[in-house]
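With chain A held as given, fit chains B, C, D, E and F onto it using these hints.
Here's the letter readout for the chains.
There are 6 protein chains.
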Amino acid sequence: MTLLKAAIIGGGNIADNNHIPALIQLTEQVKLVAVCSRDLTKARALADKHDIAHAFDSTSEMYHQCTPDLVIICTPNNLHYPQTMEALNHNCHVFCEKPPAISAQNARDMSTLAAQKGLTLAYNFQLRQTSEWSLLTRCQSDGLLGNIYHIKAHFLRRRGIPGWGYFTDKGMQGGGALMDLGVHVLDLALCALGYPAPDQVIGNTYDFIGKTGGKGLMGAWNPEAFGVEDAAMAYLTFPNKASIMLSASFALNTQVDKDRNLEIFGSKGGVKLFPFSLHTELAGELADVQFPYLEEVDIQLKNTSAFLDACQGKPSNVCTAEQGAILQEIVERIYQSAEK
Amino acid sequence: MTLLKAAIIGGGNIADNNHIPALIQLTEQVKLVAVCSRDLTKARALADKHDIAHAFDSTSEMYHQCTPDLVIICTPNNLHYPQTMEALNHNCHVFCEKPPAISAQNARDMSTLAAQKGLTLAYNFQLRQTSEWSLLTRCQSDGLLGNIYHIKAHFLRRRGIPGWGYFTDKGMQGGGALMDLGVHVLDLALCALGYPAPDQVIGNTYDFIGKTGGKGLMGAWNPEAFGVEDAAMAYLTFPNKASIMLSASFALNTQVDKDRNLEIFGSKGGVKLFPFSLHTELAGELADVQFPYLEEVDIQLKNTSAFLDACQGKPSNVCTAEQGAILQEIVERIYQSAEK
Amino acid sequence: MTLLKAAIIGGGNIADNNHIPALIQLTEQVKLVAVCSRDLTKARALADKHDIAHAFDSTSEMYHQCTPDLVIICTPNNLHYPQTMEALNHNCHVFCEKPPAISAQNARDMSTLAAQKGLTLAYNFQLRQTSEWSLLTRCQSDGLLGNIYHIKAHFLRRRGIPGWGYFTDKGMQGGGALMDLGVHVLDLALCALGYPAPDQVIGNTYDFIGKTGGKGLMGAWNPEAFGVEDAAMAYLTFPNKASIMLSASFALNTQVDKDRNLEIFGSKGGVKLFPFSLHTELAGELADVQFPYLEEVDIQLKNTSAFLDACQGKPSNVCTAEQGAILQEIVERIYQSAEK
Amino acid sequence: MTLLKAAIIGGGNIADNNHIPALIQLTEQVKLVAVCSRDLTKARALADKHDIAHAFDSTSEMYHQCTPDLVIICTPNNLHYPQTMEALNHNCHVFCEKPPAISAQNARDMSTLAAQKGLTLAYNFQLRQTSEWSLLTRCQSDGLLGNIYHIKAHFLRRRGIPGWGYFTDKGMQGGGALMDLGVHVLDLALCALGYPAPDQVIGNTYDFIGKTGGKGLMGAWNPEAFGVEDAAMAYLTFPNKASIMLSASFALNTQVDKDRNLEIFGSKGGVKLFPFSLHTELAGELADVQFPYLEEVDIQLKNTSAFLDACQGKPSNVCTAEQGAILQEIVERIYQSAEK
Amino acid sequence: MTLLKAAIIGGGNIADNNHIPALIQLTEQVKLVAVCSRDLTKARALADKHDIAHAFDSTSEMYHQCTPDLVIICTPNNLHYPQTMEALNHNCHVFCEKPPAISAQNARDMSTLAAQKGLTLAYNFQLRQTSEWSLLTRCQSDGLLGNIYHIKAHFLRRRGIPGWGYFTDKGMQGGGALMDLGVHVLDLALCALGYPAPDQVIGNTYDFIGKTGGKGLMGAWNPEAFGVEDAAMAYLTFPNKASIMLSASFALNTQVDKDRNLEIFGSKGGVKLFPFSLHTELAGELADVQFPYLEEVDIQLKNTSAFLDACQGKPSNVCTAEQGAILQEIVERIYQSAEK
Amino acid sequence: MTLLKAAIIGGGNIADNNHIPALIQLTEQVKLVAVCSRDLTKARALADKHDIAHAFDSTSEMYHQCTPDLVIICTPNNLHYPQTMEALNHNCHVFCEKPPAISAQNARDMSTLAAQKGLTLAYNFQLRQTSEWSLLTRCQSDGLLGNIYHIKAHFLRRRGIPGWGYFTDKGMQGGGALMDLGVHVLDLALCALGYPAPDQVIGNTYDFIGKTGGKGLMGAWNPEAFGVEDAAMAYLTFPNKASIMLSASFALNTQVDKDRNLEIFGSKGGVKLFPFSLHTELAGELADVQFPYLEEVDIQLKNTSAFLDACQGKPSNVCTAEQGAILQEIVERIYQSAEK
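Residue numbers (the numbering used here), protein chains in the order written: chain A, 15 to 354; chain B, 15 to 354; chain C, 15 to 354; chain D, 15 to 354; chain E, 15 to 354; chain F, 15 to 354.
The shape of chain A in the complex, shown without the other chains:
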């Protein structure tokens, strides 16, 4: 099999620590040939560090010189749309960081173009690759959960406003805790329900702590430049009457430092995801099931591999362009509801 030729766009931490190491391990499927950053020095440094042939500060030159089969996009959120469209127009498959975009319309357009071009566009929601999520799907398909009708999903930090990057810049990121954290657990909740579009979406966003300032646990942030929500709450209902309660925060006066979890309630069994426990009836009694030997897995490696499988037409559980558009529309409806 010929190797897929890959280029990476974006020279930050997530390229350096997540995507490049994953690509480098998948030597039987892909060869990373170029790294692109607005800052050529940064691009060169990454290329040197990881032994990548080319470094660019212009994507068009990169496409011209390297003609990659696929690109990985790990730039600020507001660049996901233009860079994905450019890549698709260069006939590249695209593996784009989450969230898909900063507007629902952008995400729909990205999905439409990928479909027209017959290319794979996927988003990097890597929690899908945890052992816990894999077990959840097996419990579901083995009938241990019955009909899933309610999900509580949350990704809460107590004082976890990032003190670096653009996380508090509304223009570049499109939002705060919901855009950065909430989308991860929302994606899983939607998967559990079969990724339907909701019929009703209601929500609120807050910025009391972010704008006031306080003790930071992920570096210090500047309350005066804080332009996004520090917490978002939402409720979604679906045509089949299922519902999702969603909570996300960068900052909230809660006990736990970092709390990311889903509770999934079905007619036969319920699951708390981290650590995984199943609550059901067995042999006529109420039973709590623990699975103490779940493996730790490299979720980025597995998700990149799933993307490559998708590019090659193989079955894959990576987040598709269509799913990304559904999710982005929900995010937008939450923000709209919060504005009312």
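If you're looking for bench data, these hints aren't it; they were derived computationally from the structure. Just so you know, not all the hints are guaranteed correct.
Pairs count within a copy or across copies, as identical chains cannot be separated in the list.
Distance condition first, Cα-Cα at most 20 Å in a straight line; then the derived SDA-like pairs of lysine to any residue [said to hold, decoys possible]:
1. K229 <-> E310
2. K255 <-> R347
3. K282 <-> P237
4. K112 <-> P210
5. K282 <-> D156
6. K286 <-> N161
7. K286 <-> P306
8. K282 <-> Q304
9. K255 <-> D62
10. K316 <-> S330
11. K184 <-> A118
12. K45 <-> E343
13. K229 <-> Q304
Same frame as chain A, now just chains B, C, D, E and F:
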């Protein structure tokens, strides 16, 4: 001071175990002179057991013979409205069990008549009298919480569908887990916000487990006669952008047997109610505060006492007729939303 | 239905605290009419305390006057055989305390006579009525355990040599820890395997601590009068290659005060009985299952009821005369092996 | 003192990770000059990695060229016998991996030849060097345990069938869980009793899980090639009436992942080995003694050192050839009992 | 044996709940014939409740009418001296509540008179009767502790200023936390050292919290009437260089509600008293010994019994008049040191 | 800003692991140019390892060649005085290891000379730089503690007599546990009180375990060469009636391996330092406050930096020469008291 003359309407457990013992202890304020039940034998047995002068199976005869100053109503939910109206028309103060009624209109009418008559109508939400709630209000007034903007309130049972009484009869109770359990924590959440009317209400109700049957932890129930919701989920937003997430269940595939709690998030501090913990910043650091010596109190005794204070025009934190009407309307809007 | 007429033989604690209260509650099936003890004062006191019509110090007079349908035998072990034979010869069903007898031949004879007479003879192994054992049998019949091939059964006390009664008198009790404690868990282990007779039995008994003396946790014992084993260890193999490791002690230098448990290993799942946990594979992962809401039951009441069911020809899980003979033979073979 | 010249036979993990590092640290007593493997590449790689002078794929050539004073044998079990005999015949001391051999006769022959030659033959049961075992022997010699009369010894894995090597190959290994794991705890139990030969041995072996397959926690195994026992249970009695209960498993439906322990019961005190606790009477009360500061030791280093001491005629607690023969005979008798 | 005739002086809780029930159980040694209180109604009520023949409001009349052999004094501290002197002068043995008196001189005079009269005077330090203290003395006499050289003794309450009685009245009680609580643990510490008189005593007393007020955990106290110390700290050295650190508090900003303990450090072993743990070396290793099966005992019953033994000239571990005088002098020296 | 030129005197662990790494990180303030040790080889090795320009075995030569601005003294305690005096006389600031000296007079002289010279002399009590101590001072200045009146300070090891260095040599170290460990917590306790001189000091020292020998947890020590105290206990009172209980041990028969802590009691709140907890009243209830997210800091780095700040006339919380003199006098008075 002359004693208030009281009659109790309803001869079930809640009269026997909660209201009568409370009234009997408050000998300096009230004298319980009559007990009324559709079943005269039951009424007589209660009167004998607690040394009450009169027993009736007719409220009109009771009013005629005893002319009470106040009545306690602890009958099935669908009787709250007619019996309260009758009592007010007999110029009695009324202490009515929760929920106020089975429709919002009824609750509004009850409130209106009480106001017209200048009488006290109050509802028995006795969790307001816990040490935890008392401490919450002091934290609030001492400014430890700042502006409260989000509350998660839940009252969940795993398999706690009552195997006795009328709890699964829609006609008599008007609903299930929301009417019986959810209203308790909803009342507290509304108190924390100042009892505003919400601008948006959305919710869902479910009956998968109730209708299927299973292991019961509060007696066995009959799935074929199960006519109410076994779980209700809702989201409320308020004019000041505050929000409440509400969850109530008789049956849910969750880990915990019984889980009743509120998490109250304010701009300066957050509180988890049971056991009470405060999460805030102190001396420039994130601080978790425990209060290990809260007293256990007899919450029914304190709530009955609060009702009597209200009757006498004293300050009281009992649930008022106006608050009851607001709460009942929210319940109705949740059921309506769930029907859509 | 006509009530069964019952008499109880033996006036000690186990009559007073276990059997009589159970019989008294089962008013729809049985009427206890007489109590017999060698000590007439004791018999009378019991009869008065529990409102029983007759008291005797002679069983023959009791049979003559009362003609019971069934008798309960709760005397020292060496009397089980003669009193059971006498009862059967008076055409009474017999519910005999454990162990069945002090020799295997006695137990076989008791079983044979009961069969000849067409009467129910049963032994009071009441651990069969625990919620845990009931759940074990349901797990077994639901196929959750597969083929059971090894059982570790133990009933260990650290310093629990009883300081009262005849427990250390070899002549009256026939043995020590094995006769008194070991038989309980042996009975359960045999049930799990279908009550087969073993092909090989090997064992050892010890009396170091009993004969030396020391700190007693169940009263003080006299080391000089200590005539039984303080610990017994055994290994049993069965024709289908299953095996049992059995340990029982009145006194052993182990950490735990009292430790009574079974571990049951099957090809699909294994169970630890107290508290009940199931260890198996589910959804392709190793799973540990807890059942946190097992009911506490009155095991003596349930076992007496099971005996009465057996008397009336109904299905019953009480220990039968045949099972008792198998168990007693195992006990005897352990003691014989220990003597070698 | 002149250094002993050593050669190692076997090029697998145990040579690489255990024996060679130990020998290399003992620079004052021994010099490792050669490594032998059927696979010369492997031997060369090991020799290079550890800076050893010679690599061979033929033991005879090794003996010819290097004339070692001692050899370490860490090959599959079926090679222990021929390679030990060859080494002894080359007048080498032998430090052989456990178990001694795959038949009792082999082990006896190995012991006999070593005695005839006046050479040290020892087996690598390194648990003898744990701090816990050292403390046990001091407790024993200080009289804290009295007369030891019963030992429960187990080495259980839940799903620990090795997914590598020859562990499931009956021909090469001679057996499964008993040969690989059980012998470790059996050796300790025998030490505590003075290494007597038992008078009775009874046991069973099972292979339900191994032959069915399932989730592996030590790699995946092939159920179709599974030729050994996955579990072995046995009971041993000794001329002084002491007894041992022995349990070993590669796979068993038990709660714990890996559980290796001994409980040693004496007339004055009892010990649970891991973590070490002593249960006895002190100052007239039942006492539990913990030793929280036991040192972690490099047990391979200490055991290799003990072997070298034995070669030089110094006192040593290494497992001797005679002990190895006793142990191997017990293993064989367990397998024979299981076959019956 | 003729029964000792006893009278009790003081009609409060400690008479009602501690001394009278103990005396009543010791029917073979003592007969309680009279109860004395300044308030005759109280005395009569106690006499009726406990079936005591006589009630008085005058001790002289009591001595006149009843001529007791012994009296129990449980009145406020300032009455211990006059009432003990009166009793001794009536030739009665005296069992006096702690502390002995409110001055050292008083305690010395009480001791002197008792010696002159040849009567038993003892103080009710009932912690000496705990199983823990009994075990401590056995450990000491078995040589497990070696030479005791330092003791930390404390009896701390966080907010345990009694809201009843005279505990905060300096005139009646002579002091606060030290007089009421500290003396208990001081008595034990002195016992462990052989009850020597110290050569140096230094200490401090505080009343910040008592005088400021706050949340009470033993009722509410009046800060304005608070006349004693809420905390006392002291250091004692003895001629043999041993030392005691003593801490007592009614109120202190510490974590624990109530914390009463001693740590006793000897050259061979150290003991923490509650729960009892011994820290020493055993078999060449550092060992921690727990005694998990210490009995709960009725310490008042045992201490009253010990007093009766002393009256009858039997060996007894009750606190003697001489010891009481030593202790009272230490207390006085602490208060004097604090005044400097 | 020009860099301060630094030299280090002493070539042991504390130079190598603590001071040199700290100095090397503070590149903007200081340049380490020389290392001095009596053993030139050691000095050269350190200089090479850390890339320091010069190595000396003579301080005078070092001063001559290098003319440092400051020196760090980390030699045995008895050299602190002469080397500090020499350094001050060379017009160097001095950062001296704790304790200041081996006599109070020496410490006073050191302080006097530094003052005369206008130089900074400071001692390395680096616990002042822990996050816990920093939080304590903020709690104090925020008024959360009120008036601090009692402190319990201890630094206890169970068997932590160092098996290396000169720790048990009275001549070189001046003392044992108090000099090495106790001074750390004494320094903090004094800080909390404002560093007053006490009016009374009493104490005891012991050496039972040190002179007897036993199991060592920090290497093995030689009981015959043990010349210092293994434990020291003391009590200090201050003019404002505040008090300190101080305990320090190298060896004590206590449960915990290493226990270093302070309890600080104020009129409004109390603090346990490790882990930090605050005990006070909040909102009218007793409250326990935890601070779960305190940062781990490099306390040596922060203390060295604080010393450099002091050299430059900036605010600094380093231990001053005057404070060191007060502390050393207390230590001396404890030893004197123990001798009496």
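These are the hints, each one checked on the structure:
{"no.": "1", "hint": "K229 <-> E310", "result": "between (32 Å within a copy, 15 Å between copies)"}
{"no.": "2", "hint": "K255 <-> R347", "result": "both (18 Å within a copy, 16 Å between copies)"}
{"no.": "3", "hint": "K282 <-> P237", "result": "between (47 Å within a copy, 15 Å between copies)"}
{"no.": "4", "hint": "K112 <-> P210", "result": "within (19 Å within a copy, 38 Å between copies)"}
{"no.": "5", "hint": "K282 <-> D156", "result": "both (11 Å within a copy, 17 Å between copies)"}
{"no.": "6", "hint": "K286 <-> N161", "result": "within (16 Å within a copy, 31 Å between copies)"}
{"no.": "7", "hint": "K286 <-> P306", "result": "both (14 Å within a copy, 17 Å between copies)"}
{"no.": "8", "hint": "K282 <-> Q304", "result": "both (16 Å within a copy, 17 Å between copies)"}
{"no.": "9", "hint": "K255 <-> D62", "result": "neither (53 Å within a copy, 51 Å between copies)"}
{"no.": "10", "hint": "K316 <-> S330", "result": "within (10 Å within a copy, 52 Å between copies)"}
{"no.": "11", "hint": "K184 <-> A118", "result": "within (16 Å within a copy, 42 Å between copies)"}
{"no.": "12", "hint": "K45 <-> E343", "result": "neither (34 Å within a copy, 59 Å between copies)"}
{"no.": "13", "hint": "K229 <-> Q304", "result": "between (36 Å within a copy, 15 Å between copies)"}
Checked against the numbered hints above, the structure breaks hints 9, 12 and satisfies the rest.
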